[in-house]
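Novice: Spelled out from the first residue to the last, the chains are:
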Amino acid sequence: MTMHVLHGGRDGLGSPSPLARLAPSRWDVVALPLVLGLLALLVFGGHEVAQPLSQLERTPITLDPWTLPYYALRTTLRMLAALGASLLFTLVYAPLAVKSQRAGQILIPALDILQSVPVLTYLSFTVTFFLGLFPGQVVGAELASIFAIFTSQAWNMTFSFYQSLRTVPSDLEEVCTGYHFSTWQRYWRLEVPFAIPGLVWNMMMSMSGGWFFVVAAEAVTVGSTTITLPGVGAYLALAIEQRDLGAIGWVILTMLGVIILYDQLLFRPLVAWADRFRADTVQAEERPTSWVLTMVERSTLFRTLGRPAGGAARATLRWRLPSLPKLPAPRLSPRAVRMGDYVWQGALAVMALYVAVHGIQFMATGITWGDVGHVVLLGLATMVRVVVLIVLAAVIWVPIGVMVGMRPRLAAIVQPLAQFLAAFPSNLFFPVAVAAIVHWTLNPDIWLSPLMILGTQWYILFNVVAGSQAYPVDLRDVIANLRLRGWKKWRDALLPGVFPHLVTGAITASGGAWNASIVAEAVSWGDTHVQARGLGAYIAQMTTDADFPRLVLGNVVMVCFVVLFNRLVWRPLYAYAERRLRVS
Amino acid sequence: MNLTPKSLRAAPGAHAPADLATAGVAPHGASSGPRPLPSGVPILTVKDVCKRYDADPDSPLVLDNVNMTVDRREIVALLGRSGSGKSTLLRIIAGLLSSTSGQVSVAGKPVSGPANDVAMVFQSFALFPWLTVLENVQVGLEARGVPPAEMRKRALAAIDLIGLDGFENAYPRELSGGMRQRVGFARALVLDPGILLLDEPFSALDVLTAETVRTDFLDLWGDGHLAIGAVLLVTHNIEEAVQMCDRILVMSSNPGRVAAEIEVTLPHPRVRTDPAFRQLVDHIYGLMTRRRKAAPGIAETLAAGLSLQLPHVSTNVLAGLMEMVDAEPHNGVADLPVISSALQMSTDDLLKVAETLQMLGFAEVVEGDIRLLPPARQFAQAELDVRKRLFADHLLQRIPLASHIRRVLQERPNHRAPRPRFETELEDHMSETAADETLKAMISWARYAEVFAYDGDTAQFHLDAEEEA
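Residue numbers (our numbering), protein chains in the order written: chain U, 417 to 1000; chain A, 974 to 1442.
Certain hints may be false.
A few chain U residues that face chain A, going by a derived Cβ cut-off under 7 Å, partial list only [unchecked claim]:
id	residue
1	V591
2	T593
3	G594
4	H596
5	W600
6	P609
7	D691
8	F693
9	L733
By construction, these hints were calculated from the structure, which means they are not laboratory data. Every residue, glycine too, gets a C-beta built ideally from N, C-alpha and C.
I would like the entire structure built from these sequences, with the hints used as guidance.
Specialist: Okay, structure coming up:
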């Protein structure tokens, strides 16, 4: 889907003649090389994927910095493919969950569980399947890797789309019904556009999550053999194995470049484009801009390419299924409907029971009650880490965030910086931590913990800055007028004002920390392995050992912890913040 | 209280009936636009329509046995207050809601689901913010599968007609409210509907803008530029109804019924200051206040018991109205239309306040007048303490819910009671939303009168600490 699909109507209205429309604009000077270059890279990368597996063995990963651009290309394409798959999944899954209440009863809890399962687990369970699809081909391994990245991206996008679909303004829905929109037309004219701002924001967050796990996802282990796909993640893994600090520096530099490119070429234009889909009808003072979007909109190249595509897409909106003779809708009594619900829920319960019994039987082949108790304790340890870290991060970032937010010019610099830092895969810095822990013989149970939140703490800063920017000016005047100072000023005026934003940021940070625990609680540097006691390290260990019963146990416990933590802590806190402390 | 609509008239009102065959906005296919109907068949017939609050057969009636017709070339108003079900009726006619019983026919065909021959203009404009003006106007045609070239031609013609020329590529957020509603009109008109449904289309606009859009629409209609069969306008603004319509159906509330039908034969353009215009407005005011039997007199309020719904009206507003009517030049009796225009307050809002005063035993509302009772005049001139005591007395005497809550609190040893206790009790008599509004009104009045207190954090009612001691 390009923006021309939904936005073709702007062209041509005031144009003098068809010939003038085709004359290149100065934007074409940039557009043409850019498009050709990207196309060439795409073809090159695609060609490399279509090789037999033996090719990989003949050209092992090297630490030569000049190979990094190539590795970056491969990784980038993988990320892009996963993002596309996530988008497709989102666009199908969420509508199903919304349109059918009964489907929603199973799809939404399933999503809740899927997003709490660590990425590595997906990889270890699916890799054989994907390799079997294309025996002896690189494509199979690539697909396994892409699927692993997909599992770190898709769920929050789907949740976002689901939330949007449920909050579509009712008057616009009435327009769709009253003006006889088809389901297809309603989807593209109302539901998808309404969801786009939230979806784009979540795509950016997904991308950040993806970068974090790409390191793990590029080494595909089956039994005793490991297939290493060329990519930034594999390069990093090799650098860690060989204790090459210089190479680590090069990776960090490369990632910096890749993320800036991604931001400029993909996300900035997307954000600027998504701005027009905001449902409120007031004109914002500052609207996001992007030179790429301007180029796409103004260059003749894109408009010429886009017009037929846009026209074809719009034509589908006029499609109508041949109208069937209308059957009288069966008017079910409320009792019959309720009976139907009972039957459906009963069937779901039976299915859940069946899965649970089989799962327990499977786990029972390799574990004892002692294992269960042990794993729950490990879960508690990880939970304590998450809670302590969130509190610490809040204590550090809230005062800074508020002060930054109150100074618009500073905020304009810090805001994108925080966003960038959140996108940066923090595990690139893990080797440094290991080196430090080994050097000073520190306790890994404590000193590995900060790594869990290294990447996601920025969401706290980001949201608090946004919150204090939104702090009403008149309330700030009141603070000055009443001469509120010190702790009183924070307790009575500032903290309650930014609290809802803090909770939003903390929810994101905590979700990320749980996910990161699996990478952050067990870190290596060459042959030095440092491990903290926790559920993340346990799952990582079981993945390496391919101990499937214990791996399942670890995941079940992890899912229970994350879901319960969300239900019992974050949801009530969020509801409270929304109800009591929302300013304006 | 059902007046059966009068028999069909050929061309009511003072418009020169335009020749529909030549009045088209733009060329259009045979599939749309008003089909020639056998003369004498109304474009819209509503027969014995009832609507209940929900599927439960015991739930309250929203519409009770409504009958009405709209003929070709007529503008008809459904005039009523909130709760009269006029918007519900409009949505049933549009096929957006289904009725519990009864039948609606548009152009002779029974309505089941969104009808082909109707187009609706919304109070909130309901434009797609991400589509340009042109695209917004085109969506209805797109839904009918009209080919792109014709779609564009027709949409541009409608945009031109409604005065939006030059704005084709603008996005709604770049437009003022008046311009946005013009887009709403163009989107409906481009379909050449047999009947155009207007759901309070001017009430979200400021007074001046509303007047401009209204008169522009009337001019187009009067000059026969619109290829629509008839117009049905839902409004709570009496003057708007008198200005625009050939016929006004006054609806009563709870449940909604057609209480009266008034033909308007004033020549166009109608001037608001014209004595005949004013007289008609006064007359309708009288009708709307006389027909209301739900809120008045002490006997009825007490008989209603806990089923009495309370409107959430601030005590500041109640006090303000009492002060205003008490003062010169009204001296205790005032004409509601006069107050409505002096305060720039909609009829609906003003009547709500006036009837709340009546419910509390502070005033009588009769035939479009409000007359303050002695306690109200005392209230208007009293200090805050006396005011609070007066208000508390009336609250406990007149509002059964107030005395009920207070009694429960006094009987309980800790003088506390959770909100849900009363919520469920109220929901036996009214919908969830009504129960919620009733409790909110109760809480804010009780806080002012200091008859009991409410703690929002714990959702508990309690007697004041002072009294407990």
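Novice: Are the hints correct? Go through all of them and say.
Specialist: Now for the hints, and whether the structure bears them out:
Given the 7 Å rule on beta carbons, the hint for V591 of chain U holds: about 5 Å separates it from the nearest Cβ of chain A. For T593 of chain U, the shortest C-beta to C-beta distance to chain A is roughly 5 Å, which falls under 7 Å, so the interface hint holds. A distance limit of 7 Å between C-beta atoms decides the matter here; for G594 of chain U the minimum to chain A is near 5 Å, and the interface restraint holds. Taken as an interface hint, H596 of chain U checks out: its beta carbon lies about 5 Å from the nearest beta carbon of chain A, inside 7 Å.
At a threshold of 7 Å, the smallest CB-CB gap from W600 of chain U to chain A is about 11 Å, leaving the interface hint violated. For P609 of chain U, the interface hint holds, since its Cβ comes within 7 Å of a Cβ in chain A; the closest pair sits about 4 Å apart. The beta carbon of D691 of chain U is not positioned within 7 Å of any beta carbon in chain A (closest approach about 10 Å), and the interface hint is therefore violated. For F693 of chain U, the interface hint holds, the least distance from its beta-carbon to any beta-carbon of chain A being 5 Å, beneath 7 Å.
Hint on L733 of chain U holds. Least Cβ distance to chain A is approximately 6 Å, under the 7 Å limit.
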